[in-house]
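Trainee: Each chain, letter by letter, is given below.
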Amino acid sequence: MKFIEIAKKDLKAEFRTKQMLNSMIIFALLVIIIFSFAFGNEASILIQGINKKIVDLLAPGMLWIAFTFAGMLGLSRSFAGEKEEGCLEGLKLCPIDRSEIYNGKVVSNAILMFLMEIITIPVFAVLFSYEIRNVPGLALVVILGTLGFIFVGTLLSALAVNTRTREILLPVILFPVLIPVILSAVSATGIMLSKGEIMDIAGELQILLIYDIVFFIVAQLVFEYTIED
Amino acid sequence: MIKKILFTLTAVLMLISIYFIFSSFSPIPVNLKEAPGDPINFKIFYFHLPIAISAYLAFAIVFVSSVLYLRGKQQIWDIVALSAAEVGVIFAFLTLVSGSIWARSAWGEYWVTWDVRLNTSLVLFLIYLSYLMVRQAVEEPEKRARLSAVFGIVGFVGVPISYVSIRLWTRATLHPVAELDYSTFSPLIITLFMNFAAFFLLAASLILIRMDNERLKEKGNELKRIKGL
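Protein chains in written order, with our numbering: chain A, 1 to 229; chain B, 1 to 229.
Do not take every clue at face value.
The calculated lysine-lysine pairs, modelled on BS3-like cross-linking and capped at a C-alpha distance of 30 Å, are [claimed, not checked]:
1) B:Lys219 x B:Lys73
2) B:Lys143 x B:Lys43
3) B:Lys73 x A:Lys92
4) A:Lys92 x B:Lys143
5) A:Lys9 x A:Lys92
6) B:Lys73 x A:Lys83
7) A:Lys9 x B:Lys143
8) A:Lys53 x A:Lys195
9) B:Lys143 x A:Lys2
10) B:Lys143 x A:Lys83
11) A:Lys2 x A:Lys12
If you're looking for bench data, these hints aren't it; they were derived computationally from the structure.
With the rest of the complex left out, here is chain B (with noise of 0.2 Å):
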């Protein structure tokens, strides 16, 4: 039930932030209208955070996850981990793919080589796809999740020192600092919020469906066990 409200609101909530972004209600701020590309690509800046953030905190579920696993070894915590690092590999390519979009319009150029904050993505983006990758290569299921959780802590461990590593080892970042007054409720605060309201959501009831998903697998691996297939 409390799944079905939380759906249903996922649902309501992407399509109003959908049109309070595509409408003229979402504002372009003016300053960006000396960029080479159309400004109106400004636009993806209001589900560009919100999905990286959102895989961010999936990232993060991936590491909280992981360490209870390996403290309790209870098989919810493993399915946690799986579900959120599968929603967090998808956002934090889209993360990629949409900044790219916005970068080629806002700056001439998909991809700056130097940029920290791309970079940074990137190396996100690729731990927690060779986390999936370690996933893959185990069969039994205990095992898998013991490796993997250990997987997912050294990964989590290493984000902050790539970070500063990546800063000091590349000059600068093109990458703008979303400097936003959030006091006030202007169009663009409110576009944003719902964003990432809706984002939020889509990312929890995800990783929710992929966890029913897991356990319905779960279920039909033991029938088959019992009736002898």
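This is chain A alone, in the form it adopts within the complex (with noise of 0.2 Å):
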């Protein structure tokens, strides 16, 4: 369980400057203030075949977009500090597996974008005057969407560190793998902001389930590989 304490760690030197966070908060109001002056006013008309409006098609899409890209920003954070001020190699000095550090990290870079989706959401709602139907399940096609999200995401942000060009190659390399998550939570969140049926998306759940734990598994496997000298 030391794992708690390097997210508490990371957590605590986050909250004193709280750079990381607020950027990543801003960046993503500023994608759906993007999406809303784009869009504004063609967003609420209906389409007649589908009785759908507009933003209804676009509004899971807009989000996922606004938290893949500001995550993004956290994370290729997230390892580039330690690396900066050489605090990776006091983690590595730790009496512990490496995969705790793994899974501190995780847990810090999950909170600061669970935060962030928190305050998100609610300002997309308002802009494009917008009514969730389900909100415990969008809740948890967030919840599981960001945990794949991250999974993944902290490991390649482990492996892009040490690379030439970091910040650039992080996102080059990390949408490819993260299609499954990205086309499971889009659908899945559409489903859940317009009919809200959980039953419907079982099959999206089932691919973001088992997204997260195979990466999970994997990750805990192979971590100790990206930061060994």
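With the hints as a guide, bring both chains together as one complex.
Mentor: Structure follows, in structure tokens:
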């Protein structure tokens, strides 16, 4: 359970300056606001054939673009800070399993991302005067999707921090691997926002769960190789 | 010596199978003659399928040699992984290109956004393209080998989940499943098998040549180090 301490350390350092959290939240809000400028007028037009507003079709994609892009900011700094200050050496000297470092980072990254999402979703609902039908269902989808994003993202962030092009490389290598999460989360979010039956998204939830479990296990196995010298 | 035999065999088989494809020996199924384009385009099938399968095999080699590298840290497995990944990326790209050209003639469109097979092949291509990006971004050979092995494992594990999620998200596929009667030696089966043999050997030869290149490069670097250049 040592990873809790690492997460605590990260969060303590983060909440002293709130540098990362603030830029993540502001970035996510900016994405939503840009979408609102771009689609604001047309968003409430009703499409006759399928009896849906345009915003219903765009909303899930918009939300996940905001989440993944803002999350990327957090992930790319998550190991970069440690590396620059030479703290990674200290972490590696800890008499704990290397995967505990990964688990700690996962916890702190996930908390930051959940905070960002909790603020982004209401702002989105306000800007598009949108009514969310199934809040617990949406929460479940967002949690599972975010966990999948963080599990892979933290591992690849540790990998990318060792390369020359760090921050640029991370999105390039992360998004192709993330495609299952993004596809399933977007589709499930869409159903949760409009119809709101949890049974309709059983397939998506299965994929998200399997993805989370598989990548959590893979990361436990291979994480130590990303930070070893 | 064995390599020379392999390369000669590849060249000969390639020539024979190309002759088979473009001569009137290989048949065009009757029911395909209703397709919008020229039915002769069906002949793309004879190399489209073998190229696709060769790409999958190359990616499987990347995965296995990545695991073996992390277990024993022997440089040879890194060279195998690199060579297989490069050949695999080229073959995956050729699969997309040949498939698109055939699709234009058979379905009337180069790319069908919601098609399962198309998207899966695209994701596969993107994942291994980013594998090559990881390799490019690290200079130290040992670190490069280690980090890219981690990504080789993560990427390959993601492939089946991507496949399932794309299947769920996209509605259906236009892509035909090859339902072939392998028990009889019809001209179609013979041509197809000739092409399978030719492209497997081609992939194997390319991988071997690439491995030789890499070994020579290592040797060159070592000589430079010894001479103090």
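Trainee: If a hint holds in the structure, say so; if it doesn't, say that too.
Mentor: The hints, checked one at a time:
1. For a cut-off of 30 Å, the pair hint linking Lys219 (chain B) to Lys73 (chain B) stands: about 19 Å separates their Cα positions.
2. Under the criterion of a C-alpha separation no larger than 30 Å, the hint pairing Lys143 (chain B) with Lys43 (chain B) is inconsistent with the structure, at around 45 Å.
3. Proximity of Lys73 (chain B) to Lys92 (chain A) is assessed by CA-CA distance (about 20 Å); at most 30 Å being required, the pair is judged to hold.
4. For the hint pairing Lys92 (chain A) with Lys143 (chain B), the CA-to-CA distance comes to about 17 Å; that is within 30 Å, so the pair holds.
5. For the hint pairing Lys9 (chain A) with Lys92 (chain A), the CA-to-CA distance comes to about 15 Å; that is within 30 Å, so the pair holds.
6. With a C-alpha separation of about 24 Å, the suggested pairing of Lys73 (chain B) with Lys83 (chain A) holds against the 30 Å cut-off.
7. Between the alpha carbons of Lys9 (chain A) and Lys143 (chain B) the distance comes to roughly 28 Å, so the proposed pair stays at or under 30 Å and holds.
8. Restraint check for Lys53 (chain A) and Lys195 (chain A): the C-alpha separation of about 13 Å stays at or below 30 Å, so the hint holds.
9. At most 30 Å may separate the alpha-carbon atoms for a hinted pair to count; Lys143 (chain B) and Lys2 (chain A) meet this at roughly 27 Å.
10. At most 30 Å may separate the alpha-carbon atoms for a hinted pair to count; Lys143 (chain B) and Lys83 (chain A) meet this at roughly 16 Å.
11. Among the hinted pairs, Lys2 (chain A) with Lys12 (chain A) is consistent with the structure: their alpha-carbon atoms are about 16 Å apart, no more than 30 Å.
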